[in-house]
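Given the coordinates of chain L, assemble chains X, B and C onto it according to the supplied hints.
Residue numbers (numbering that gives the first Met the number 0), protein chains in the order written: chain L, 0 to 286; chain X, 0 to 286; chain B, 0 to 286; chain C, 0 to 286.
Wrong hints could be hidden among the right ones.
List time: in silico DSSO-like cross-link candidates among lysine-lysine, alpha-carbon distance up to 27 Å [what the hints assert, rightly or not]: (1) B:Lys279 x X:Lys84; (2) C:Lys254 x L:Lys254; (3) X:Lys249 x L:Lys281; (4) C:Lys82 x B:Lys208; (5) X:Lys254 x B:Lys84; (6) B:Lys84 x B:Lys249.
Rather than coming from a laboratory, the hints here were simulated on the basis of the structure.
Number of protein chains: 4
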Amino acid sequence: MADKNFTAILLLSCPDRIGLVSRISHFVFERGGNILDLDEHVDRQANVFSVRVAWDMADFSISASELNEAFTPLGKEFHATWKIKFTLEPTKIAIFVSKYDHCLQEILWRRRLGEFQVDIPLIISNHPDLAPLAEYYDVPFHVVPITKESKDAQEQVQLELLRSHDVDTVVLARYMQILSPEFVSRYSGRIINIHHSFLPAFIGGNPYKQAYERGVKIIGATSHFVTDELDEGPIIEQDIVRISHRDSVKDLIRKGRDLERLVLARALHHHVEHRILVNKNKTVIFD
Amino acid sequence: MADKNFTAILLLSCPDRIGLVSRISHFVFERGGNILDLDEHVDRQANVFSVRVAWDMADFSISASELNEAFTPLGKEFHATWKIKFTLEPTKIAIFVSKYDHCLQEILWRRRLGEFQVDIPLIISNHPDLAPLAEYYDVPFHVVPITKESKDAQEQVQLELLRSHDVDTVVLARYMQILSPEFVSRYSGRIINIHHSFLPAFIGGNPYKQAYERGVKIIGATSHFVTDELDEGPIIEQDIVRISHRDSVKDLIRKGRDLERLVLARALHHHVEHRILVNKNKTVIFD
Amino acid sequence: MADKNFTAILLLSCPDRIGLVSRISHFVFERGGNILDLDEHVDRQANVFSVRVAWDMADFSISASELNEAFTPLGKEFHATWKIKFTLEPTKIAIFVSKYDHCLQEILWRRRLGEFQVDIPLIISNHPDLAPLAEYYDVPFHVVPITKESKDAQEQVQLELLRSHDVDTVVLARYMQILSPEFVSRYSGRIINIHHSFLPAFIGGNPYKQAYERGVKIIGATSHFVTDELDEGPIIEQDIVRISHRDSVKDLIRKGRDLERLVLARALHHHVEHRILVNKNKTVIFD
Amino acid sequence: MADKNFTAILLLSCPDRIGLVSRISHFVFERGGNILDLDEHVDRQANVFSVRVAWDMADFSISASELNEAFTPLGKEFHATWKIKFTLEPTKIAIFVSKYDHCLQEILWRRRLGEFQVDIPLIISNHPDLAPLAEYYDVPFHVVPITKESKDAQEQVQLELLRSHDVDTVVLARYMQILSPEFVSRYSGRIINIHHSFLPAFIGGNPYKQAYERGVKIIGATSHFVTDELDEGPIIEQDIVRISHRDSVKDLIRKGRDLERLVLARALHHHVEHRILVNKNKTVIFD
Numbered sequence: 000m001a002d003k004n005f006t007a008i009l010l011l012s013c014p015d016r017i018g019l020v021s022r023i024s025h026f027v028f029e030r031g032g033n034i035l036d037l038d039e040h041v042d043r044q045a046n047v048f049s050v051r052v053a054w055d056m057a058d059f060s061i062s063a064s065e066l067n068e069a070f071t072p073l074g075k076e077f078h079a080t081w082k083i084k085f086t087l088e089p090t091k092i093a094i095f096v097s098k099y100d101h102c103l104q105e106i107l108w109r110r111r112l113g114e115f116q117v118d119i120p121l122i123i124s125n126h127p128d129l130a131p132l133a134e135y136y137d138v139p140f141h142v143v144p145i146t147k148e149s150k151d152a153q154e155q156v157q158l159e160l161l162r163s164h165d166v167d168t169v170v171l172a173r174y175m176q177i178l179s180p181e182f183v184s185r186y187s188g189r190i191i192n193i194h195h196s197f198l199p200a201f202i203g204g205n206p207y208k209q210a211y212e213r214g215v216k217i218i219g220a221t222s223h224f225v226t227d228e229l230d231e232g233p234i235i236e237q238d239i240v241r242i243s244h245r246d247s248v249k250d251l252i253r254k255g256r257d258l259e260r261l262v263l264a265r266a267l268h269h270h271v272e273h274r275i276l277v278n279k280n281k282t283v284i285f286d
Numbered sequence: 000m001a002d003k004n005f006t007a008i009l010l011l012s013c014p015d016r017i018g019l020v021s022r023i024s025h026f027v028f029e030r031g032g033n034i035l036d037l038d039e040h041v042d043r044q045a046n047v048f049s050v051r052v053a054w055d056m057a058d059f060s061i062s063a064s065e066l067n068e069a070f071t072p073l074g075k076e077f078h079a080t081w082k083i084k085f086t087l088e089p090t091k092i093a094i095f096v097s098k099y100d101h102c103l104q105e106i107l108w109r110r111r112l113g114e115f116q117v118d119i120p121l122i123i124s125n126h127p128d129l130a131p132l133a134e135y136y137d138v139p140f141h142v143v144p145i146t147k148e149s150k151d152a153q154e155q156v157q158l159e160l161l162r163s164h165d166v167d168t169v170v171l172a173r174y175m176q177i178l179s180p181e182f183v184s185r186y187s188g189r190i191i192n193i194h195h196s197f198l199p200a201f202i203g204g205n206p207y208k209q210a211y212e213r214g215v216k217i218i219g220a221t222s223h224f225v226t227d228e229l230d231e232g233p234i235i236e237q238d239i240v241r242i243s244h245r246d247s248v249k250d251l252i253r254k255g256r257d258l259e260r261l262v263l264a265r266a267l268h269h270h271v272e273h274r275i276l277v278n279k280n281k282t283v284i285f286d
Numbered sequence: 000m001a002d003k004n005f006t007a008i009l010l011l012s013c014p015d016r017i018g019l020v021s022r023i024s025h026f027v028f029e030r031g032g033n034i035l036d037l038d039e040h041v042d043r044q045a046n047v048f049s050v051r052v053a054w055d056m057a058d059f060s061i062s063a064s065e066l067n068e069a070f071t072p073l074g075k076e077f078h079a080t081w082k083i084k085f086t087l088e089p090t091k092i093a094i095f096v097s098k099y100d101h102c103l104q105e106i107l108w109r110r111r112l113g114e115f116q117v118d119i120p121l122i123i124s125n126h127p128d129l130a131p132l133a134e135y136y137d138v139p140f141h142v143v144p145i146t147k148e149s150k151d152a153q154e155q156v157q158l159e160l161l162r163s164h165d166v167d168t169v170v171l172a173r174y175m176q177i178l179s180p181e182f183v184s185r186y187s188g189r190i191i192n193i194h195h196s197f198l199p200a201f202i203g204g205n206p207y208k209q210a211y212e213r214g215v216k217i218i219g220a221t222s223h224f225v226t227d228e229l230d231e232g233p234i235i236e237q238d239i240v241r242i243s244h245r246d247s248v249k250d251l252i253r254k255g256r257d258l259e260r261l262v263l264a265r266a267l268h269h270h271v272e273h274r275i276l277v278n279k280n281k282t283v284i285f286d
Numbered sequence: 000m001a002d003k004n005f006t007a008i009l010l011l012s013c014p015d016r017i018g019l020v021s022r023i024s025h026f027v028f029e030r031g032g033n034i035l036d037l038d039e040h041v042d043r044q045a046n047v048f049s050v051r052v053a054w055d056m057a058d059f060s061i062s063a064s065e066l067n068e069a070f071t072p073l074g075k076e077f078h079a080t081w082k083i084k085f086t087l088e089p090t091k092i093a094i095f096v097s098k099y100d101h102c103l104q105e106i107l108w109r110r111r112l113g114e115f116q117v118d119i120p121l122i123i124s125n126h127p128d129l130a131p132l133a134e135y136y137d138v139p140f141h142v143v144p145i146t147k148e149s150k151d152a153q154e155q156v157q158l159e160l161l162r163s164h165d166v167d168t169v170v171l172a173r174y175m176q177i178l179s180p181e182f183v184s185r186y187s188g189r190i191i192n193i194h195h196s197f198l199p200a201f202i203g204g205n206p207y208k209q210a211y212e213r214g215v216k217i218i219g220a221t222s223h224f225v226t227d228e229l230d231e232g233p234i235i236e237q238d239i240v241r242i243s244h245r246d247s248v249k250d251l252i253r254k255g256r257d258l259e260r261l262v263l264a265r266a267l268h269h270h271v272e273h274r275i276l277v278n279k280n281k282t283v284i285f286d
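The following block holds chain L by itself, in its conformation from the complex (with noise of 0.2 Å):
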């Protein structure tokens, strides 16, 4: 980071108290930072205080490297979760997919216009069918096939895949297997998924099929952290299409395709552009 054009984020939360925007912000100016953005919100019914600021590094007095321990006592002091990140380091995620292209190519196409500060070090499947498309944005495909009885010695092949590469965030771009809790855990509050129902309507499989059944007259789409309990991690972004007595499930998959590959990416863009805090089960989204 020999380039002093960047951006230091930092994201923290912690209890509400007095002061605190003004001890964070003079943290930054005292040391020559000029805040590029700051917003913050109390939750007024768990007292909880969050904030993101990010400050120009041009003009700043100490370096990136030394940052963490320059805040490191304000972060004790106020009892606080938090994280600094730059824009010079771009997030290293590992998209999973299975057999569609559509959450996929979406990613690979906004990361090649440059819509998203990744680097995406691999792909990981349980097939084969997606290796071209990966080809053609240059992005090495690993084939992971999971049976049953194959699932727990694969998941070791897909974290070895992961360590190696330093991956820090995992995107399941409609990958059609349930992670084990030891995957989930390895990779808490960093694991992303697109369920193709409004959630919390139609949990589970068949998301499409159900909403047919029941004759909504709106179906969804949910971008959500993964965790242990299927379809209930913190919510990122949702969104929604009309649909109506002419749609057949057919449809309904179709008109669905759009909005899962617009919302995880929003949901992505979110989380590369560091805009998420997690708290308990619920996200801040600063945007």
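Okay, now just chains X, B and C, sitting in the frame of chain L:
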């Protein structure tokens, strides 16, 4: 109906077979009716044909009162469920409310504007709070208090009121009581409710609180026909609004209020324009 | 303001420079104020910094009446445009109407529900039609008829009414007259209008007819501050609704009515919660 | 078309009169056709009747090749404009592009998924940039560079390419050149464009910059048939997305990109399913 400037509307569903549109449109044509609007739908999975036909009665060779008898042979031949309505005959509705005014006001205001082809002979409430609003719009307001003990007897009072005013349709405009199966079966397919969630998410009480606690990013409202299963009847209309972490339960209630009144108004609009066909637990909306 | 349970809101914009958030939050902190909400925005193209800070006055060391003077040195140093408002002081608004009731009713109804922190000392209309509605909500209603000849004189009558009631903000709730430049400059930045189109499309008269003739698939409504150029002032809020070839001009008017009242209500909500900053011809909405 | 499992689609418009639906549906019925879908619309202001009828050809008594002749007497009697299409005959489209890939990719991807009933014999571009994308989807890519001097001659090259591939419909997928009146008249009603604004707002160049400068809160995209008047042709489909003061022109471009590709895809979907009738400068969309 001495006035000849009115429209007849046929709503029909039956097992699908060849020639249905031709036969029905010919029935209208040979009696001098000009079809103003025809919309049909075939549910291929269930093999059910549904149609809505509206025609001008100005030069029709038979009168409105003879029409039912004239159409009966066709209806029988097709093994159809059908009804014929006329735009000169506004639907008689009773509105049930408790203490919230927004849905009631919406309906009364729209009727005054001429948006709804309805007569509202009475409003029934278990609380006196909304009497002034009813008075402002010149609609008789009946207070029928409900306690656990009095519920059965008071429902008989309500039913007698409906009967004596020849009410066709009951609108539950945030009426905070559950109707008995007897009441529901008496007005089967003619009780419209507004539920303050995006069904099937958040069935039952306090849906805004449920939504808040789940951390959804979108809330909704659903208007549906009432059946014996709570919040499980055929859905007529739904809509949604985005929320964020900044919104408290109170904000959800405020934002939801706007949804509820619009969604209920649209559902009622479809109903009184005879645009809804119910097939099992789903609706066909000819809009 | 003997009551100490209220909130102070600072709205400020100035040329961007380092340390603004820190200095302002420190000003609040050193007087014992707990910041409840802080949202800022830097327009890098124009190099303009904008901020909204809300803090609890419960334990603040100086009183509301001393606050303006206390902040003045900072405001001067920053070459800022700023104002400080208190939640205990509802905004005094006058509503101007002609014959359409939907926007007026929306505002009066929301105020009664407690959604708006406003006083409405008077309604002014060029027609008597909406007097009963005003009476139902207990708001004085002044008829000031306007003809081409009387317009100048009658505007003086209106201005005198506003002055005598110490009105802060004028809301044009489908008021069908154009205000003179003198009037506009007297209430500069404090006149809110609702235009029944998606500006800048369909400026001027009969926008629904214009939309119908152009064959658009979506119509809109726009709330904006009034300036001397017709329909060209800073936009506060917009929304849209889908239409189809089935919709006549009358349908557009009906559907648009729902937009108009919601969009105007949201704009007014932003205004009375002091969430709007105007920079040249654009608004910053801190929501 | 030896395969009998296909559908015939009649699109017809004519002056309104009594008996049209009956006569047309009888034409289908007496030849053994089962009507799968019938949707009609009467524009009472213009007295124009429009209809779309789809029927199953499986047991139809005459062949597809005889159908035009068989229907001609009815068409003449009704003074109608009409055409009959078959689902077995995919529409032949040529896609024109410049350097932006999003709209092209959207169409090619959806065709591969089977969403579109189209053949794409060629892509024409004035730049070579998108050749790899065309190659990935196996579609011939022709570079026809345009300069002010060469424009007339190069358009002849384009027209010859279209002719030799028997192209029915031209899709301008962010093609940055204006077509000559000759070109437009050659493919009248069969050139579909995507304009990156909510027409009629922001006609012409740089609509996102125009939107940014006007300070709108919503941006849009519009797909329309091309006529000789720039951005004034019949609108097929529009959609919008909310923006805020936080969005730079670059953000509008990013958010608008998602609109453009979806709106163009939906418009093309309507077109190739033969759901669009054009009456003067407006469309009827049978969806």
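How the hints compare with the structure:
| no. | hint | result |
| --- | --- | --- |
| 1 | B:Lys279 x X:Lys84 | violated, 57 Å |
| 2 | C:Lys254 x L:Lys254 | holds, 19 Å |
| 3 | X:Lys249 x L:Lys281 | holds, 17 Å |
| 4 | C:Lys82 x B:Lys208 | violated, 31 Å |
| 5 | X:Lys254 x B:Lys84 | holds, 25 Å |
| 6 | B:Lys84 x B:Lys249 | violated, 43 Å |
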